[in-house]
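Enquirer: With chain A fixed as given, assemble chain B onto it according to the hints.
Chains A and B, in that order, give the protein sequences.
Counting from 1, one number per residue, gives the positions in the first sequence under my numbering.
Counting from 1, one number per residue, gives the positions in the second sequence under my numbering.
Hints should not be assumed to be uniformly reliable.
[As the list claims (entries may be wrong)] Subject to a maximum C-alpha distance of 30 Å in a straight line, what follows is the list of computed DSBU-like cross-link-like pairs (lysine-lysine): (1) B:Lys-59 <-> B:Lys-70; (2) B:Lys-51 <-> B:Lys-36; (3) B:Lys-51 <-> A:Lys-9; (4) A:Lys-57 <-> B:Lys-51; (5) B:Lys-97 <-> B:Lys-56; (6) B:Lys-105 <-> A:Lys-9; (7) A:Lys-83 <-> B:Lys-105; (8) B:Lys-70 <-> A:Lys-57; (9) B:Lys-57 <-> B:Lys-36; (10) B:Lys-51 <-> B:Lys-97; (11) A:Lys-9 <-> B:Lys-36; (12) A:Lys-57 <-> B:Lys-59; (13) B:Lys-36 <-> B:Lys-97; (14) A:Lys-57 <-> B:Lys-36; (15) B:Lys-70 <-> B:Lys-56; (16) A:Lys-71 <-> B:Lys-97; (17) A:Lys-70 <-> A:Lys-9; (18) A:Lys-71 <-> B:Lys-36; (19) A:Lys-57 <-> B:Lys-56; (20) B:Lys-97 <-> B:Lys-57; (21) B:Lys-97 <-> A:Lys-83; (22) A:Lys-70 <-> B:Lys-59.
FYI, nobody ran anything at the bench for these hints, they're computed from the structure.
All of these numbers come straight from a predicted model, not from anything done at the bench.
The residues making up each chain are set out below.
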Amino acid sequence: DGGITQSPKYLFRKEGQNVTLSCEQNLNHDAMYWYRQDPGQGLRLIYYSQIVNDFQKGDIAEGYSVSREKKESFPLTVTSAQKNPTAFYLCASSIGRQASLHFGNGTRLTVT
Amino acid sequence: GQQVMQIPQYQHVQEGEDFTTYCNSSTTLSNIQWYKQRPGGHPVFLIQLVKSGEVKKQKRLTFQFGEAKKNSSLHITATQTTDVGTYFCAGPSLYQKVTFGTGTKLQVIP
Numbered sequence: 001d002g003g004i005t006q007s008p009k010y011l012f013r014k015e016g017q018n019v020t021l022s023c024e025q026n027l028n029h030d031a032m033y034w035y036r037q038d039p040g041q042g043l044r045l046i047y048y049s050q051i052v053n054d055f056q057k058g059d060i061a062e063g064y065s066v067s068r069e070k071k072e073s074f075p076l077t078v079t080s081a082q083k084n085p086t087a088f089y090l091c092a093s094s095i096g097r098q099a100s101l102h103f104g105n106g107t108r109l110t111v112t
Numbered sequence: 001g002q003q004v005m006q007i008p009q010y011q012h013v014q015e016g017e018d019f020t021t022y023c024n025s026s027t028t029l030s031n032i033q034w035y036k037q038r039p040g041g042h043p044v045f046l047i048q049l050v051k052s053g054e055v056k057k058q059k060r061l062t063f064q065f066g067e068a069k070k071n072s073s074l075h076i077t078a079t080q081t082t083d084v085g086t087y088f089c090a091g092p093s094l095y096q097k098v099t100f101g102t103g104t105k106l107q108v109i110p
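Bound-form chain B, shown alone:
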């Protein structure tokens, strides 16, 4: 079945440093979604990318969808303590089954 892997599993950064998480799917995706889960909370939708090679920005966050539509990345510039949490990518299949990546847990040291 479809597998979605993310690296790294954990990342500790000093506040102000940049952060990147990478997402790789075993199958081609129709779109890629990114979610953020704060400690003790539930995942919250951040963004969806649809087109091959698409790049979208949300303030300090930059999302990219690979040319082959099998990988994606999330880059945060100048991290802040409010960025703490686990970031998940997710890829829906043709039959509505949505598979989540393994997640990257970000810790920001003030």
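Same shape as in the complex, but just chain A:
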């Protein structure tokens, strides 16, 4: 079945450590996205990528980094510079411009 896989589902880290969240899709979608969701809040865009080897900052990119070396993969690194990293992270993809988004199951990151 085609879809988006995010791993792990739950992730725990100590403050000051960088952590990388995985996002893999086999939908052959060109565009991929990372969103952050805090409890009771909406989705805020961190980074997005329209094509391999290209990505743009979203609304809250500070403290995060991404890469898009392969069409299928869009990993997100939460660096120690991110002041409040504990959140629910959602990866999504779309077939192209203006198209709807298909989401993964998300990763719940807890930093203590």
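Expert: Positioned in the frame of chain A, the structure of chain B alone reads:
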């Protein structure tokens, strides 16, 4: 930058009552998308509206896109407990950046 607001933020209804959430964008949208997120889950795409004034129905759900393409609404007739969740609208910009609304959390009381 583009801002997308939704009202109300929360809504509690008795099962069988109707429910409406409204979405307003600070900029004109090329299209509007609606998503539903169940508690503990991820957003799931419901529908996309493209044309000014467009109305689409999915069983008990009615979606409308405003004439100016800056606002939209979702109306649920005779709510059921399965309708519980948070409903988000989303509007893509010209550069593929997709901004989500603030969401409306629906609670249905049996």
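Enquirer: None of the hints should be skipped; say for each whether it holds.
Expert: Tested hints:
1. B:Lys-59 <-> B:Lys-70: holds (25 Å)
2. B:Lys-51 <-> B:Lys-36: OK: B:Lys-51 and B:Lys-36 at ~21 Å, within 30 Å.
3. B:Lys-51 <-> A:Lys-9: Outside the cut-off at roughly 38 Å; violated.
4. A:Lys-57 <-> B:Lys-51: holds (29 Å)
5. B:Lys-97 <-> B:Lys-56: Holds - the C-alpha atoms of B:Lys-56 and B:Lys-97 are around 24 Å apart, at most 30 Å.
6. B:Lys-105 <-> A:Lys-9: The given pair, whose Cα atoms are some 23 Å apart, holds under the 30 Å limit.
7. A:Lys-83 <-> B:Lys-105: holds (27 Å)
8. B:Lys-70 <-> A:Lys-57: holds (24 Å)
9. B:Lys-57 <-> B:Lys-36: holds (15 Å)
10. B:Lys-51 <-> B:Lys-97: Since the Cα atoms of B:Lys-51 and B:Lys-97 sit roughly 20 Å apart, the hinted pair holds (cutoff 30 Å).
11. A:Lys-9 <-> B:Lys-36: holds (20 Å)
12. A:Lys-57 <-> B:Lys-59: The given pair, whose Cα atoms are some 38 Å apart, is violated under the 30 Å limit.
13. B:Lys-36 <-> B:Lys-97: holds (19 Å)
14. A:Lys-57 <-> B:Lys-36: With a Cα-Cα distance of about 25 Å, the restraint between A:Lys-57 and B:Lys-36 holds, given a limit of 30 Å.
15. B:Lys-70 <-> B:Lys-56: Holds: B:Lys-70 and B:Lys-56 sit about 17 Å apart, inside 30 Å.
16. A:Lys-71 <-> B:Lys-97: Holds, because 18 Å separates the two Cα atoms, which is no more than 30 Å.
17. A:Lys-70 <-> A:Lys-9: Between A:Lys-70 and A:Lys-9 the Cα gap is close to 22 Å, so the pair holds against 30 Å.
18. A:Lys-71 <-> B:Lys-36: Cα-Cα ~27 Å, so holds.
19. A:Lys-57 <-> B:Lys-56: With a Cα-Cα distance of about 33 Å, the restraint between A:Lys-57 and B:Lys-56 is violated, given a limit of 30 Å.
20. B:Lys-97 <-> B:Lys-57: Roughly 26 Å between the alpha carbons, so the hint for B:Lys-97 and B:Lys-57 holds.
21. B:Lys-97 <-> A:Lys-83: Within the cut-off at roughly 24 Å; holds.
22. A:Lys-70 <-> B:Lys-59: violated (40 Å)
Going through the hint list in order, the structure does not satisfy hints 3, 12, 19, 22.
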